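Trainee: Each chain, letter by letter, is given below.
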Amino acid sequence: MTETTTQDTDRSETAGASSDSQTRSQPGAGTESTPETWTDYEFEGEPKMAVSGLDVYYGDDQALDDISIEIPEKSVTALIGPSGCGKSTFLRCLNRMNDRIRGANVDGTVTFEGKNIYQEALDLVELRKRVGMVFQAPNPFPKSIRDNVAYGPRKHGKVRTDFLAKLTGRDDSEREDEIVERSLKQAALWDEVKDRLDDNALGLSGGQQQRLCIARCLAVDPEVILMDEPASALDPIATAKIEDLIEDLAEDYTVVIVTHNMQQAARISDQTAVFLTGGELVEYGDTDQVFEDPQSQRVEDYITGKFG
Amino acid sequence: MTRETYQQSLDSLRDDVLEMGSLVVERLEVGLESVVNEDQSLAREVIEGDADVNETYLTLENQCVDLFALQQPVASDLRFVTASFKIITDLERVGDLAANLAQYALTAKRKFTPEVAIEDIGHNARALLTRSLEAYETEDVDACREIAASDDDVDALCQRASETVTRDLIEREADSGDPWAVEQLLDDVSRVLLTIRDLERIADHAVNIAARTLYMAENDPALIY
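Residue numbers (the numbering used here), protein chains in the order written: chain A, 632 to 939; chain B, 224 to 448.
Mixed in with the good hints, there may be bad ones.
[To be verified] Which residues of chain A face chain B? A few of them, derived with a C-beta cut under 8 Å, are:
1. Phe794
2. Gln894
3. Glu923
4. Asp924
5. Pro925
6. Glu931
7. Ile934
8. Thr935
9. Gly936
Read the hints as simulated data drawn from the structure, not as lab findings. The structure displayed is predicted, hence computed values, not measured ones. For every residue, glycine included, the Cβ atom is placed at its ideal position computed from N, Cα and C.
Extracted from the complex, chain A is given alone in its bound form (with noise of 0.2 Å):
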């Protein structure tokens, strides 16, 4: 595509580009400045993450090339874009799932309230912890629902229940109901599930397992949400239940979604990414203003479905 090299030039030009110069481009005008880098965009609150010249390779592909953006605590994030434009693997350097990748290689930094997480010596477990994720299919274990619910507290060691602390006393079975329904109750599953709690998760629906590991992932007190692609293996009214469930999270959570329904990430996100084939951040910025006035026309032409 030469009108992508063409851009790419242009970028490289505007380096260092104020706000002021994130201009809408004129038709016709034919090429179109995009800043190099969208950490001018301006919000209410603090920062919760800061990614700052982010490139992923896997191999020899460039996944993600040069991302600089900085994620506002307490709200809904979006990333959106096609398929293979790098979006997931975004995500994914958030917690450093993408470490689990051969062949990965991340240059950059992520911070985590100002803290590097790539740097050497981070405990990758206590990070998971505080920055959660959800995947796109529902992925409970064969267990019960409240074991599913208690894996994380136990495992971090914030609750004993096993024979040796009951023997001792110090069993924290009352510390783990609390948790089990606070957990349940905060992701809208408590109600459906309070009477069956150990019933195997299998059992529940698509959309209760959806929840379920919302609530596993809320039962260790996170700080941020990931979720990749949440709802797109749910009914409608699933779905609808998901979305809620994320916008009543964000008054206490930094969530980032991925979602490739364009409407889900107008109708439950602050605001929206848009990332474009070659792992290009091309637009960020207040999801209305995106969705009403982008200010690319390439991300025009993608929301509006008149690329190709």
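Mind docking chain B on chain A? Use the hints.
Mentor: Coordinates of chain B only, in the frame set by chain A:
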């Protein structure tokens, strides 16, 4: 190009809005002619024809609602459908005002007294309406701003005309002792004042169309209010 059916629906909405615009401009011309020439049969034609305008309005309103509900337009498409949705309301109102003009022509028992530039004002208002529809068709943002500025000229014309009518009323009342003649005069005066006001309103609707067009083309709400 993807979403071809959707693109076609957008194109046909634009065409249909412009067609409704032509219909309304024609009603306005005939309404104006009926007033200026005191032509009662033309007047009746405009009044009866208003039902067509209303029907067209409802059809277009449905087209917009369908696009919102079924296609969820965003970005410039969203602004286009939103602007069109508002513009058809303005056009429908102009249709009503054209029918008002015709109604005044029907009830007029004698020639306008005093002579004021009704025809001039009418032509100015019609010209603004035509220009606003052209601006919508071609997304001409400069024209939108010019239309808003030109409306001040129409307002000034209307202001002067109203003052002339009022002054004339005061003068005539002073030298007329006949109560029946005074009543006739009041009828005439209120009819002329309403005619002037309605023409001014038509120009305002033209400005509304320009304002929505500017918003549609550049996301610039400057002219809305």
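Trainee: Each hint: holds or not?
Mentor: Going down the list of hints, with the structure as the test:
1. Phe794: violated (56 Å)
2. Gln894: holds (5 Å)
3. Glu923: holds (6 Å)
4. Asp924: holds (4 Å)
5. Pro925: holds (5 Å)
6. Glu931: holds (5 Å)
7. Ile934: Since the shortest Cβ distance to chain B is 5 Å, the answer is holds.
8. Thr935: Holds. Min distance 5 Å.
9. Gly936: Holds, because the Cβ-Cβ distance from Gly936/A to chain B comes to roughly 4 Å (cut-off 8 Å).
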